[in-house]
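*Asks:* Sequence:
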Amino acid sequence: MITLRHFRRGRLSTAFATSLVLAAVGCGEIDVANPNNPSVDGLVQSPNATSASALATGLLRGTRANVAEGIRWLGAFGREGYPMSVTGASLPGSVRDPLNGNGFPGNVLYADPYRNIRSANLLLAAISDVGAWSDAQKEAARGFAKTIQAYDFLQVIVTRDVFGAPLDVGIDPTAPPAPIATKAQVYARIATLLDEARGHLQAGGTAFPFPLTSGFSGFNTPATFLRVNRALRARAAVYTDNWQVALTALSESFISTTAPLTLGAYHVFSTNSGDITNPNFRPDLLFAHPRLRTEAKLRADGSLDLRAQTKLVTVPTFTVQGISSNVQFTMYNSATASIPLIRNEELLLLRAEANLGLGNTALAIQDINLVRTTAGGLPPLPSNFSGDLLTELLYDKRYSLVWEGGHTWIDMRHYGRLAQIPVRAADPRLFPAMPIPVAECQPRTPQPTGCGIVDGITPPPQP
-4 MITLRHFRRG RLSTAFATSL VLAAVGCGEI DVANPNNPSV DGLVQSPNAT
46 SASALATGLL RGTRANVAEG IRWLGAFGRE GYPMSVTGAS LPGSVRDPLN
96 GNGFPGNVLY ADPYRNIRSA NLLLAAISDV GAWSDAQKEA ARGFAKTIQA
146 YDFLQVIVTR DVFGAPLDVG IDPTAPPAPI ATKAQVYARI ATLLDEARGH
196 LQAGGTAFPF PLTSGFSGFN TPATFLRVNR ALRARAAVYT DNWQVALTAL
246 SESFISTTAP LTLGAYHVFS TNSGDITNPN FRPDLLFAHP RLRTEAKLRA
296 DGSLDLRAQT KLVTVPTFTV QGISSNVQFT MYNSATASIP LIRNEELLLL
346 RAEANLGLGN TALAIQDINL VRTTAGGLPP LPSNFSGDLL TELLYDKRYS
396 LVWEGGHTWI DMRHYGRLAQ IPVRAADPRL FPAMPIPVAE CQPRTPQPTG
446 CGIVDGITPP PQP
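Note that the working numbering has the sequence shown beginning at -4, numbered continuously upward.
Among the clues, some could well be false.
[Said to hold, decoys possible] Estimated spans, in silico, between C-beta atoms of each pair:
(1) Gln239 / Asn379: 22 to 30 Å
(2) Gln415 / Asp92: 18 to 26 Å
(3) Gln180 / Gln304: 37 to 45 Å
(4) Leu353 / Asp130: 51 to 59 Å
(5) Val310 / Gln239: 41 to 49 Å
(6) Arg56 / Ala84: 26 to 34 Å
(7) Asp92 / Leu119: 38 to 46 Å
(8) Thr272 / Thr82: 21 to 29 Å
(9) Pro423 / Ser41: 50 to 58 Å
(10) Gly411 / Leu353: 13 to 21 Å
(11) Ile448 / Ala127: 46 to 54 Å
(12) Asn379 / Arg439: 51 to 59 Å
(13) Ser329 / Ile448: 38 to 46 Å
Think of the hints as simulated: they come from the structure by calculation, not from any bench.
Cβ atoms here follow ideal geometry from the backbone N, Cα and C, with glycine treated the same way.
Take the sequences, apply the hints, and build the full model.
*Replies:* Structure follows, in structure tokens:
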């Protein structure tokens, strides 16, 4: 049986099994040479600009390691879509059966972020000794690394939520396992990392000492990357109802009422040797939930919300495990299609959400209307709208951010509306969180909350 301590002793490797070993969950330092990744060994033993730059750019590759799995599985939890393999093997563990700590998606959505957090720790420890970098470049690198760490911790906590997660990554492998921090403590660490990164980036001069991917076009200097940092700070603040903090962060982000809604930072993919293609370019596997069409609002001419028209396409009906769909997504229509990390459309809706939380209804309506009219082609809400504005906001977030990161599931859980996600007899189960992986639980006595089976809830099925 693999224990957590075994997990922490794993080598860096490109193989999935070894990457899961490396990841977790409190990865400790290793003393043996690593022929699979000499740049990391070189960075630890003798830091230089080449090895540090390689690890820094590798962090962006690390952020996308689990993005496709997150979209698929969290999207299924929120009934945005389904991973429908011909065998049906992917459906029971996402919409039908209870979740357990051995499940593949739960483990990879835990292991990959921790692997990247550990890599960022290695970079942060080495930066001071990189003689070729100026003080400003070192500050820029620190700000970059801490922003990526915060992003990865956010990826972990949105899946585990009330179960919490470890924060101490890089402890001695012979030490007891890292404590499971509470949800509040994890979000506090995320806030601290992003705010510390802000200071580093402000002192970071005019350029990073390493290249960023094309997904950060327009955000590839310390000053412009800071706007992405603040956008992530706003997302985390909204998730924790820190409305004023969110508004302050948004004011320093790239939010704009005149820029394209697509403006933002993206995960990029390619067919180049050594790179990976977009894992969600899978028309053989990934289907949209039919409700995205049936629940779409109508425009003035009677046609569907433009987002339902442009993001969905009708295909021949496919049925597996009693679940049928004749709809697929169009956003990732090639092997090199990008996946949003965060973009302007989300920021406008986050600002509406923060203003709504503060009771600034008129301001919230302004941003909701900008998105619903521009992206959806829908008529604006009246300025004296007296209905359930949160419901309207959540509708717009669902259609604007669908299949980009599990936003429907995260939002419905946030507002205690999980049971309102429609289920059918073939997909009856909704989950509040993923369990903590077995390997994280085994060495702990007593085992923390979140270890074991997550039954979820089973609302009455709809026709």
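*Asks:* Is the hinted range of 37 to 45 Å satisfied by the C-beta distance from Gln180 to Gln304?
*Replies:* holds, 43 Å
*Asks:* With respect to the beta-carbon atoms only, verify the hint that Gly411 and Leu353 lie 13 to 21 Å apart.
*Replies:* Given about 19 Å between the Cβ atoms, the range holds.
*Asks:* Between Pro423 and Ser41, does the C-beta distance stay in 50 to 58 Å?
*Replies:* holds, 57 Å
*Asks:* Does the beta carbon distance between Leu353 and Asp130 stay inside 51 to 59 Å, or does it fall outside?
*Replies:* violated, 40 Å
*Asks:* Should the hint that Val310 and Gln239 are 41 to 49 Å apart at their CB atoms be regarded as holding?
*Replies:* holds, 45 Å
*Asks:* Is it true that Asn379 and Arg439 lie within 51 to 59 Å of each other by Cβ?
*Replies:* holds, 55 Å
*Asks:* Tell me if the beta carbons of Ser329 and Ile448 are separated by a distance inside 38 to 46 Å.
*Replies:* This hint holds: roughly 39 Å between Cβ atoms.
*Asks:* Taking 22 to 30 Å as the stated bounds, is the beta-carbon spacing between Gln239 and Asn379 within them?
*Replies:* holds, 25 Å
*Asks:* Okay, Thr272 versus Thr82 on CB: inside 21 to 29 Å?
*Replies:* holds, 23 Å
*Asks:* Please check whether Arg56 and Ala84 have a Cβ separation lying inside 26 to 34 Å.
*Replies:* holds, 28 Å
*Asks:* Please check whether Ile448 and Ala127 have a Cβ separation lying inside 46 to 54 Å.
*Replies:* holds, 52 Å
*Asks:* Does the beta carbon distance between Gln415 and Asp92 stay inside 18 to 26 Å, or does it fall outside?
*Replies:* holds, 22 Å
Hint 4 from the list above is the single one not met by this structure.
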